[in-house]
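Protein chains: 4
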Amino acid sequence: MNSGELGCLEGGDLRICGELICTICQDLYNSGWVTGTGGGITIRSGDAIVIAPSGVQKERMRLEHLFVMSLKTREYIHKPLQPLKPSQCTPLFLAAYTCRDAYACIHTHSQEAILLSELFPNSDYFSASGFEVLRHIPRGTKKNGFYSITDTVKIPFIDNTAHERDLHDSLKAAILAYPEACAVIVRDHGIYCWGDSWQDTKMNTEAVEYLFQAYLRSRKIKSN
Amino acid sequence: MNSGELGCLEGGDLRICGELICTICQDLYNSGWVTGTGGGITIRSGDAIVIAPSGVQKERMRLEHLFVMSLKTREYIHKPLQPLKPSQCTPLFLAAYTCRDAYACIHTHSQEAILLSELFPNSDYFSASGFEVLRHIPRGTKKNGFYSITDTVKIPFIDNTAHERDLHDSLKAAILAYPEACAVIVRDHGIYCWGDSWQDTKMNTEAVEYLFQAYLRSRKIKSN
Amino acid sequence: MNSGELGCLEGGDLRICGELICTICQDLYNSGWVTGTGGGITIRSGDAIVIAPSGVQKERMRLEHLFVMSLKTREYIHKPLQPLKPSQCTPLFLAAYTCRDAYACIHTHSQEAILLSELFPNSDYFSASGFEVLRHIPRGTKKNGFYSITDTVKIPFIDNTAHERDLHDSLKAAILAYPEACAVIVRDHGIYCWGDSWQDTKMNTEAVEYLFQAYLRSRKIKSN
Amino acid sequence: MNSGELGCLEGGDLRICGELICTICQDLYNSGWVTGTGGGITIRSGDAIVIAPSGVQKERMRLEHLFVMSLKTREYIHKPLQPLKPSQCTPLFLAAYTCRDAYACIHTHSQEAILLSELFPNSDYFSASGFEVLRHIPRGTKKNGFYSITDTVKIPFIDNTAHERDLHDSLKAAILAYPEACAVIVRDHGIYCWGDSWQDTKMNTEAVEYLFQAYLRSRKIKSN
Numbered sequence: 001m002n003s004g005e006l007g008c009l010e011g012g013d014l015r016i017c018g019e020l021i022c023t024i025c026q027d028l029y030n031s032g033w034v035t036g037t038g039g040g041i042t043i044r045s046g047d048a049i050v051i052a053p054s055g056v057q058k059e060r061m062r063l064e065h066l067f068v069m070s071l072k073t074r075e076y077i078h079k080p081l082q083p084l085k086p087s088q089c090t091p092l093f094l095a096a097y098t099c100r101d102a103y104a105c106i107h108t109h110s111q112e113a114i115l116l117s118e119l120f121p122n123s124d125y126f127s128a129s130g131f132e133v134l135r136h137i138p139r140g141t142k143k144n145g146f147y148s149i150t151d152t153v154k155i156p157f158i159d160n161t162a163h164e165r166d167l168h169d170s171l172k173a174a175i176l177a178y179p180e181a182c183a184v185i186v187r188d189h190g191i192y193c194w195g196d197s198w199q200d201t202k203m204n205t206e207a208v209e210y211l212f213q214a215y216l217r218s219r220k221i222k223s224n
Numbered sequence: 001m002n003s004g005e006l007g008c009l010e011g012g013d014l015r016i017c018g019e020l021i022c023t024i025c026q027d028l029y030n031s032g033w034v035t036g037t038g039g040g041i042t043i044r045s046g047d048a049i050v051i052a053p054s055g056v057q058k059e060r061m062r063l064e065h066l067f068v069m070s071l072k073t074r075e076y077i078h079k080p081l082q083p084l085k086p087s088q089c090t091p092l093f094l095a096a097y098t099c100r101d102a103y104a105c106i107h108t109h110s111q112e113a114i115l116l117s118e119l120f121p122n123s124d125y126f127s128a129s130g131f132e133v134l135r136h137i138p139r140g141t142k143k144n145g146f147y148s149i150t151d152t153v154k155i156p157f158i159d160n161t162a163h164e165r166d167l168h169d170s171l172k173a174a175i176l177a178y179p180e181a182c183a184v185i186v187r188d189h190g191i192y193c194w195g196d197s198w199q200d201t202k203m204n205t206e207a208v209e210y211l212f213q214a215y216l217r218s219r220k221i222k223s224n
Numbered sequence: 001m002n003s004g005e006l007g008c009l010e011g012g013d014l015r016i017c018g019e020l021i022c023t024i025c026q027d028l029y030n031s032g033w034v035t036g037t038g039g040g041i042t043i044r045s046g047d048a049i050v051i052a053p054s055g056v057q058k059e060r061m062r063l064e065h066l067f068v069m070s071l072k073t074r075e076y077i078h079k080p081l082q083p084l085k086p087s088q089c090t091p092l093f094l095a096a097y098t099c100r101d102a103y104a105c106i107h108t109h110s111q112e113a114i115l116l117s118e119l120f121p122n123s124d125y126f127s128a129s130g131f132e133v134l135r136h137i138p139r140g141t142k143k144n145g146f147y148s149i150t151d152t153v154k155i156p157f158i159d160n161t162a163h164e165r166d167l168h169d170s171l172k173a174a175i176l177a178y179p180e181a182c183a184v185i186v187r188d189h190g191i192y193c194w195g196d197s198w199q200d201t202k203m204n205t206e207a208v209e210y211l212f213q214a215y216l217r218s219r220k221i222k223s224n
Numbered sequence: 001m002n003s004g005e006l007g008c009l010e011g012g013d014l015r016i017c018g019e020l021i022c023t024i025c026q027d028l029y030n031s032g033w034v035t036g037t038g039g040g041i042t043i044r045s046g047d048a049i050v051i052a053p054s055g056v057q058k059e060r061m062r063l064e065h066l067f068v069m070s071l072k073t074r075e076y077i078h079k080p081l082q083p084l085k086p087s088q089c090t091p092l093f094l095a096a097y098t099c100r101d102a103y104a105c106i107h108t109h110s111q112e113a114i115l116l117s118e119l120f121p122n123s124d125y126f127s128a129s130g131f132e133v134l135r136h137i138p139r140g141t142k143k144n145g146f147y148s149i150t151d152t153v154k155i156p157f158i159d160n161t162a163h164e165r166d167l168h169d170s171l172k173a174a175i176l177a178y179p180e181a182c183a184v185i186v187r188d189h190g191i192y193c194w195g196d197s198w199q200d201t202k203m204n205t206e207a208v209e210y211l212f213q214a215y216l217r218s219r220k221i222k223s224n
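Residue numbers (the UniProt record's numbering), protein chains in the order written: chain S, 1 to 224; chain W, 1 to 224; chain C, 1 to 224; chain B, 1 to 224.
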């Protein structure tokens, strides 16, 4: 393992991934989708995945806080010098990487996910149709194309657990059971969303969150 | 066609247009009116129109991503070196340029447009009166003057289509049928808004979106 | 009259006032209280008042756009080189300067002002009590002290008019009739708010807008 | 007492605390939790506590505005050269420092605190359960661990008073009566929130405010 302060994050693709993580953490903080230390993000370059730490404020994330893990061996290629722990989302991120060959994964604590959990307490999935934004949501991966506005998109719900790591099995099961979903809603908690690249992942997250907002506002205006 | 990386965007008026597109894309992203890769903008300088690409994140748009087209010949004067496609809104933007002699056009994915579609499922247009902001909305072009607060402004609805390009005919028809409108609402989708200059276009967009918000909030408070 | 590009705005107190106007215009734009070219601000230094132009986007305001007028003679000490017009709010700002010896005045197009107009169509004033923020609202001027949380603050309504300048007489009448108000609500339009310094004016505006928001949200939660 | 302009804020830990106060004041202003001159923050380094002044706009706070007090002697180690007064929250901040061995304290004027006061006019505390964000809220201090999602968190209410300083006794009583709370809600006013470090304090504040928002939105969607 590289013992320099930045190690393999010093340059090349991994540095780019690391810098993107810091920038996108700031974006996510500004959007209100992460708060305190909630939420997280990981970006992959080949076999190496860059992971943010646990407990660091998202809007103050820096390169020297980040971890790098080998997807194949699950060993850390690089750890920060400071005594930090990797994100508690790491096992969940690994599920997205391995079940879907994703290249990034974002975990938000969006309140819209909580509200949808309340609205559909007994549903296995959230579904919506008729919104333009469906054209921006891939059928699991963009290799399968995107939804059309008359399609019905389904995004599975899973129950929340006492510890983030305990979400692993149900998250993996939902990813496998809904091959045309690019996100999973964790009830009363937030979403996990992935994509074929970091750009796709960020755009998928924004599209899914936009759908949630538009759905909730649209439902409310109809009920008035 | 110019083969340099920036080509005709290197300097002069076209560079200014290009830089404005990048800045305004960031503004639109911050406002929540574009998300993921939704929405778009074009600015014109004489016969040349500068167009943003499809699929690039709005808040990361740079000069080297942009296209330049001749309004007369419809041929590209400049294309980005990267393998990008021009905005899917291009035919729609062209309709605004040719039917109205506009000098810029903005396409938002504002959720207020979706909500108005829900509220008025059978109307040909949205109408409002009594708001101060009407004084900031031109009668199609500012050459015709602006609305007064006691006037009724009408903004036409058109139905959404499976592909952005298929909106062309109905958008053009609406532009021609409502000569005193500076915007069209695409149901469940967003708006197209144009103006006599890029400044007018940005101000018209903000004024129309403000009217939508104020109308919706005002309607809700009356119904409580 | 000074014919240099910046003239008397080149340095000293007037430059500071001018730079503050540009910065605060950006702040107001970010807050959503001005939009398109709506809203405005003026700051005074002795006999000289610095005024923003009409029709310039608030978030792009620069020193070279500004006017300077003598409060005593009502003549322009400095005009921008560009063919701009002074803010249509100028007569209204003058009313605040002369009736109250104010040192700045802000005009917002806040939607909360519109909503309060709807809620109280027949009232001469908006009133509220019990909110902590009352302790931050002066009795017209801070020389008279501030409200306490058990006091009732009254902010007068005036009707909107077809032209901004036509608000002058009713605004002046409201300022004189409500000596303990630091703001006036123009129905379906926005507010005018002033203070003993630019800092006071900005803080008064924020306090009054906060009161409007808190009042509206509080009323709604009680009615559910 | 140090008579230089920055004095003991010139360097070292105290300068870091001072710079953090300025940055976090800007963050709080952007979040809408402080407005005008409402709200406040203090950060501690050993026996020295850095305190923001009263009456300075939060988004324009600078090092030269700050006070430093000895926690033990309650004397000022450093005062700003300008004729400023220390925050009116100082006695309240001292209660958090002494009753809880906190290392920072944030006072917000969040409207959610006002709304919860309205909803629960006769309750001694606000309580909530089932939200993921509970895992980010410490049992008073993180030395006692964090809540789990099935726990019920209780945050005490205290009544507002005519002067900020008069809150002292009831705030202290609430801090002592609710050893597992990291915040107190002042009715119709805002919250006081503390933590084991400035990072914890900022994260606790965000977590508590997030809980308030999620609770209010969730309650509303259930009642529709």
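No lab work stands behind these hints, which were simulated from the structure alone. All figures in this text were calculated on a predicted structure; none of them were measured in a lab. A hint or two may mislead.
[What the hints assert, rightly or not] Derived pair list, reagent style SDA-like, types lysine to any residue, alpha-carbon separation capped at 25 Å:
#, chain 1, residue 1, chain 2, residue 2
1, S, Lys143, W, His65
2, S, Lys222, W, Thr161
3, W, Lys220, C, Glu59
4, B, Lys222, S, Ala162
5, W, Lys220, C, Leu216
6, S, Lys222, B, Arg100
7, W, Lys222, C, Pro121
8, S, Lys154, W, Gly32
9, W, Lys143, C, Leu216
10, S, Lys220, W, Ser54
11, W, Lys142, C, Asp124
12, C, Lys85, W, Asp196
13, C, Lys143, B, Arg219
14, S, Lys220, W, Gly32
15, S, Lys222, W, Ile158
[Said to hold, decoys possible] Which chain W residues stay away from chain S? Per the calculated CB distances, all over 12 Å, these:
#, residue
16, Glu5
17, Glu19
18, Tyr29
19, Asp47
20, Lys58
21, Leu94
22, Asp124
23, Arg139
24, Lys142
25, Phe146
26, Ser170
27, Ala177
28, Asp188
Ideal placement from N, C-alpha and C gives every residue a C-beta, glycine not left out.
Hints the structure violates: just list their numbers, smallest first. Violated hints: 3, 6, 9, 10, 11, 13, 18, 20 and 28; rest satisfied.
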